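**Student:** Sequence:
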Amino acid sequence: MKGKADLLLHPVRMRIVQQLLLNKPLTIAQLVEILGDVPQATLYRHINLLLEANLIEVIETQKVKGTEERKFSVKMDNLQIPESEIEVLSQEDHIRHFSVFHGNLLQLATSYLANTSPEKYEQEGFSYAYVPLHLSDEEFQELTQSIQQEIEKVFNNKLTPERTTRIFGSMFIPQKTPKE
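Read left to right, the sequence shown gives residues 21 to 200 (this note's numbering).
There may be inaccurate statements among the hints.
Unchecked claim - Calculated pairs, DMTMM-like style, for lysine to aspartate or glutamate (alpha carbon to alpha carbon, straight line, at most 20 Å): (1) K24 / E159; (2) K24 / E105; (3) K24 / E107; (4) K178 / D157; (5) K95 / E107; (6) K196 / E144; (7) K91 / E72; (8) K173 / E162; (9) K22 / E107; (10) K196 / E172; (11) K22 / D113; (12) K95 / E77; (13) K91 / E53; (14) K95 / E80; (15) K85 / E53; (16) K44 / E105; (17) K44 / E112; (18) K44 / E88; (19) K140 / E80; (20) K24 / D97; (21) K22 / D97; (22) K178 / E144; (23) K44 / E80; (24) K91 / D113; (25) K24 / E144; (26) K173 / D97; (27) K95 / E162; (28) K91 / E80; (29) K22 / E89; (30) K22 / E77; (31) K44 / E159; (32) K22 / E144; (33) K24 / D113; (34) K178 / E88; (35) K95 / E112; (36) K44 / D113; (37) K22 / E72; (38) K24 / E88.
Think of the hints as simulated: they come from the structure by calculation, not from any bench.
In this text the structure is predicted, and so the values were computed from the model without any measurement.
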């Protein structure tokens with residue numbers, strides 16, 4: 021069995037999980053339509069891997085034209101990659117996972133930009149930034165905890181007509197700085 025990082029940080033599986041996080045439970049047919057460029061056979065293979073790893077689940081089954089149709093949902097409490105797994109990843113694994121993570125953000129941004137007029141960017145909250153922060157370990161810990169607390173406050177909000185889904189992608193990259 022693959023590690024959770026390998027299962028989640030894969031281009032197709034990451035998109036499947038993201039769609040299940042964004043939408044109500046979805047069928048294979050709905051995922052094929054939403055993802056567009058993923059063949060149905062490939063989608064089935066990746067869905068089965070996610071099911072076997074207990075990262076998604078079947079929450080409803082119904083007969084449609086004599087075929088059993090399943091609706092899938094994410095198992096929220098099982099998505100976190102354990103620290104013990106992260107600690108043993110090789111440098112190459114981290115680079116590969118980082119590339120998938122960034123490639124996915126690039127795909128989301130490209131899709132947004134291709135389908136949105138520039139005058140809506142600010143209004144809809146589209147932004148990206150590069151901000152060097154000079155923090156002690158304690159200050160960094162406080163910052164990450166406060167960000168996590170703010171995200172936890174809104175993470176389980178349901179999508180409503182007055183709410184817009186916004187993707188928040190983050191990373192911290194420590195830098196080596198010369199000693200004075």
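**Student:** Check the structure against each numbered hint from earlier and tell me which ones fail, lowest number first.
**Tutor:** 1, 4, 5, 6, 10, 16, 17, 19, 24, 25, 27, 29, 31, 32, 34, 35, 36 and 38
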